[in-house]
Amino acid sequence: MSITVNGLSHTYHPGTPLETLALDDVSLECGRGEWLSVVGHTGSGKSTLAQHLNGILFPERGTVSVDGMEVREKSPRLRDVRRAVGLVFQYPEQQLFAENVLEEISFAPRNWGIPEERIAALASSALSLTGLDETYFPRSPFHLSGGEKRKVAIASVLSGEPSYLVLDEPTAGLDSWSRRELVSLLVRLKGEGLGIVLVTHDLDIALQHSDSILMLDRGRCVIMDTPGKVMEHLHEHPAPGLHLPEIAALSASLRNADPCAPLTWDWKELKRWVVKRALAAHPHLPGGDS
Amino acid sequence: MKTDSKTVCELRDVTYVYPGEASGRVPGGTPGRVPGGTSGSGGISGQTIPEASETVRPGTRPALSGVTLRVREGEWLALLGSNGSGKSTLAKHLNALLTPTQGDCTVFGLPTNDPLNVFAIRSAVSMVFQNPENQIVGTVVEEDAAFGPENQGIPTEEIGRRVENALRAAGLLAKRKKPTYTLSGGEKQRLAVAGALAMDTPCLVLDEPTAMLDPQGRRELLDVLRSLHEGGKTIVSITHRLEEILHCDRAVVLVEGRIAWEGSIPGLFTHSDSFRKWGLDAPPLVSLWKELRTETNLPMPEVPTLSGMTDSLCRLL
Amino acid sequence: MKFLNHLTFGQYVPADSLVHRLDPRCKILAVLVVLTGIFLARHILVFAAWGGLLFSLAMLSHLPFRLVLRSAKPVLILVFFTAFIHVFFTDGTPLLEIGFITITREGVSGAVYMGLRLLFLVLFASFLTLTTKPMELADGLERLFSPFARFGFPAHELAMMMTIALRFIPTLLDETDRIMKAQLARGAAFDRGNLWKRLKAFLPVLIPLFVIVFQRAEDLATAMEARCYRGGEGRTRMHPLVWRTGDTLGALFVLAVVAGLIAGDRSFLS
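Protein chains in written order, with my numbering: chain A, 1 to 290; chain B, 1 to 317; chain C, 1 to 270.
A few of these clues could be false.
Claimed, not checked - Below, computed lysine-lysine pairings styled on DSBU-like, alpha-carbon distance capped at 35 Å: (1) A:Lys271 x B:Lys290; (2) C:Lys200 x A:Lys74; (3) C:Lys133 x B:Lys177; (4) C:Lys73 x C:Lys181; (5) B:Lys290 x A:Lys190; (6) B:Lys175 x C:Lys200; (7) B:Lys290 x A:Lys229; (8) B:Lys178 x A:Lys190; (9) C:Lys181 x A:Lys74; (10) B:Lys175 x C:Lys181; (11) B:Lys177 x C:Lys73; (12) C:Lys181 x C:Lys133; (13) A:Lys74 x C:Lys197; (14) C:Lys181 x C:Lys200; (15) B:Lys277 x B:Lys233; (16) A:Lys229 x A:Lys268; (17) B:Lys6 x B:Lys233; (18) A:Lys74 x C:Lys73; (19) A:Lys190 x A:Lys271; (20) A:Lys190 x C:Lys181; (21) A:Lys190 x A:Lys229; (22) C:Lys181 x B:Lys178; (23) C:Lys181 x B:Lys177; (24) A:Lys190 x A:Lys268; (25) C:Lys133 x B:Lys178; (26) B:Lys233 x B:Lys290; (27) A:Lys268 x B:Lys277; (28) C:Lys133 x C:Lys73; (29) C:Lys73 x B:Lys178; (30) A:Lys268 x B:Lys290; (31) A:Lys271 x A:Lys229; (32) B:Lys277 x A:Lys276; (33) B:Lys277 x B:Lys290; (34) A:Lys276 x B:Lys290; (35) A:Lys276 x A:Lys229; (36) A:Lys271 x B:Lys277.
What the hints assert, rightly or not - With the Cβ distance kept under 10 Å, some of the chain C side facing chain B (calculated, not the full set): (37) Lys133; (38) Met135; (39) Phe153; (40) Thr163.
Worth flagging that the hints you see were computed from the coordinates, not collected in a lab.
C-beta atoms are modelled at their ideal positions from N, C-alpha and C, and glycine is treated no differently.
Only chain A is shown next, with the shape it has when bound in the complex (with noise of 0.2 Å):
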């Protein structure tokens, strides 16, 4: 149970003056419960990727399955591959059309012809994952603030009961406790066992939460591994356009003068490092005395 790319290819404008090659032979696998990051530079198809996942965008060579069916435009099954993966657009508060909240996340599981006697206890679910209440139910979606929008939107994703979750770029535009509070969300989400797939600019949150990273550059697939190993080859081979967390960056400077040092995104494990070096290496420089 997982969705598979293999090979995917896509360009845009095909035998027109404008054909771009958005994506190259890239392939990946996520299962339920795990969570895969997808990283690049801006322009690099990571959306591009992204819609492919859940039957926006269809192959021009190459497969994309989802638990076993293949995404294909005349598939019968199309609309279970969409109900299965949830897709959550970069700023989602963008597409909030309804009267109130409750009609607003009711909209996914209407259109899946989920009965409506769950679908209220489905909305509920939905919008307290995320956070808020069922008080929120009769408020205009277009009231809230911002980070309420947010929120909303992605709880209307939610009530689909989606297996799978693919989000680009959630944390756009949210200051550090919204960015916060979204990644905790995907961590419960995955540890409820849903398959998570993160498009983001944010090194420092696919670093620190993916099971693996999928890094793609101008279409083609880079690097697929584990954050440490992702880590390992950024540092060696640094990706132009895709800059490395400050901690990350600080301690592949300190690898550089010291092969000892940890490649690192924690910067707990980075100062006890640097705490004990130092002590190691200046040991009349007491800790903590003045």
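Place chains B and C on chain A using the hints.
Below, chains B and C alone, put in the same frame as chain A:
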């Protein structure tokens, strides 16, 4: 920084209440009566000034309360605060998009609440907004950069010269003939900066300009701002990202419409314990810097920049 | 939908030709004169001459004739409809009688001439948009109508509205595309059911678009104010339109040709 440097913008005891949040109760007195004691409101004539506390609806508070601030020529001022702290409201006072409900605000000595001054004020203070898309007017890059000078009535040849210099400073000269919709978010923000530069304003105010940008775009914009600052531009940056204020001269922290703290950047970082209370978030590098500083005797840079930390730590090894 | 952006809305096709370099005001006025001439044409030879003029214009503008003809596609339905009305509903000398429907000679000739007039109208007008940048077109219209501003005609405001609309059309198309995809991902069915159902399915696309557009209008107005915008008063231009001798010559040439064709039309028929 010279304490006798020219004042670009000044707010004195400014309180601002958004119109929708006023109780609607008309303060006693007929229009045309200037209340006796408030002489500081020079420039307002024929208008009664309501007491902020009387006109705010119960449950809401003024967006700004008793804010006094001076922006000095040539400085890069960081205006920090969480959402709802009033920083955008404050920014909009600097170019007369908003005028104080109480107190007064001047730009180069001109009161902002006199409509006759607005043109001069906006020719002195220009603004870049958060949403890159919704501030670009022109269909082509150089046309948009020319929008400001055209409104100012600058002669044709001069506009051409200004636009070229502005686009060069923003790193967009090569794209001058491109349609604006082909630009990335970061490029659009740099175009907005170019448009402001073309107006030849001594002061540039940026309201959360990087909020909607990707890391690449953020970097490019900050590089442009740094070179402008080196060239003597007065810059006011409104942001909640501490990584972006590291090269500023001074920081002001707003909490619930009031100034909670102001001072130098190194000074700000010595107060990192208050960040939580102020609604600011410390990125991991700052946390590392702080703990290494307080818990060990390792020499740390004054301000937690990546390059500063890298140098300090590498020297240690 | 993205490709629509790149077809450069307004169909402007860049090239370096005499016609491209003409002042837009000259071209606008020329189109008006030409349109008058076309509607006064009655003789088939004159129509042929108009066709010839169209062809030579295409050569002068370095545009493939096929491309010019393609701009008439949207109006073909109207042309056929008009021709249809003329053929079946004009009185005169009968040519053919089928039951109670009479096709007259005047009907046929009326259909042909009216059809040709409409076609030529669209084709000549499309030269304007094919050879003039949208921004220049807006400038040209603004300059032409500005004398009427003193009588309250909002020449500048209309031109500004046109420019801003043009600026945001590609953006709006992108946003429409994105919202449609987002709603598709939530199970919206644009492709199923009867017409009414399909229209209803578009509400979740239209409403968010409206919200975006209204927010944009507010943000943009604030940004424009911050950049000292105060209407057309006192505004200068970076690239002001300059009327050159070439424009005068072009205008006189067009006047001469059209006058000649009208005169020729008169003489052929008398």
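Do the hints match the structure? See the list:
1. A:Lys271 x B:Lys290: Roughly 11 Å separates the two Cα atoms, so the pair holds.
2. C:Lys200 x A:Lys74: Measuring from Cα to Cα gives roughly 23 Å; hence the hint holds.
3. C:Lys133 x B:Lys177: OK: Lys133 (chain C) and Lys177 (chain B) at ~12 Å, within 35 Å.
4. C:Lys73 x C:Lys181: holds (29 Å)
5. B:Lys290 x A:Lys190: Satisfied, since the Cα-Cα distance of roughly 33 Å is no more than 35 Å.
6. B:Lys175 x C:Lys200: violated (42 Å)
7. B:Lys290 x A:Lys229: OK: Lys290 (chain B) and Lys229 (chain A) at ~29 Å, within 35 Å.
8. B:Lys178 x A:Lys190: violated (44 Å)
9. C:Lys181 x A:Lys74: holds (17 Å)
10. B:Lys175 x C:Lys181: holds (31 Å)
11. B:Lys177 x C:Lys73: holds (31 Å)
12. C:Lys181 x C:Lys133: holds (32 Å)
13. A:Lys74 x C:Lys197: holds (21 Å)
14. C:Lys181 x C:Lys200: holds (16 Å)
15. B:Lys277 x B:Lys233: Between Lys277 (chain B) and Lys233 (chain B) the Cα gap is close to 32 Å, so the pair holds against 35 Å.
16. A:Lys229 x A:Lys268: holds (20 Å)
17. B:Lys6 x B:Lys233: Cα-Cα ~13 Å, so holds.
18. A:Lys74 x C:Lys73: holds (31 Å)
19. A:Lys190 x A:Lys271: holds (29 Å)
20. A:Lys190 x C:Lys181: Answer holds: Lys190 (chain A) to Lys181 (chain C) is near 25 Å, not above 35 Å.
21. A:Lys190 x A:Lys229: OK: Lys190 (chain A) and Lys229 (chain A) at ~22 Å, within 35 Å.
22. C:Lys181 x B:Lys178: Status holds; Cα separation ~28 Å.
23. C:Lys181 x B:Lys177: holds (32 Å)
24. A:Lys190 x A:Lys268: holds (25 Å)
25. C:Lys133 x B:Lys178: holds (13 Å)
26. B:Lys233 x B:Lys290: holds (31 Å)
27. A:Lys268 x B:Lys277: holds (23 Å)
28. C:Lys133 x C:Lys73: holds (21 Å)
29. C:Lys73 x B:Lys178: Judged against 35 Å, a Cα distance of about 29 Å means the pair holds.
30. A:Lys268 x B:Lys290: holds (12 Å)
31. A:Lys271 x A:Lys229: holds (21 Å)
32. B:Lys277 x A:Lys276: Holds, at roughly 32 Å.
33. B:Lys277 x B:Lys290: holds (17 Å)
34. A:Lys276 x B:Lys290: holds (17 Å)
35. A:Lys276 x A:Lys229: Satisfied, since the Cα-Cα distance of roughly 25 Å is no more than 35 Å.
36. A:Lys271 x B:Lys277: holds (25 Å)
37. Lys133: holds (8 Å)
38. Met135: With a minimum Cβ separation of about 5 Å from chain B (threshold 10 Å), the hint on Met135 (chain C) holds.
39. Phe153: violated (21 Å)
40. Thr163: Where the cut-off is 10 Å and the nearest Cβ of chain B is about 7 Å from Thr163 (chain C), the hint holds.
Of the numbered hints given earlier, the model fails hints 6, 8 and 39; all others are met.
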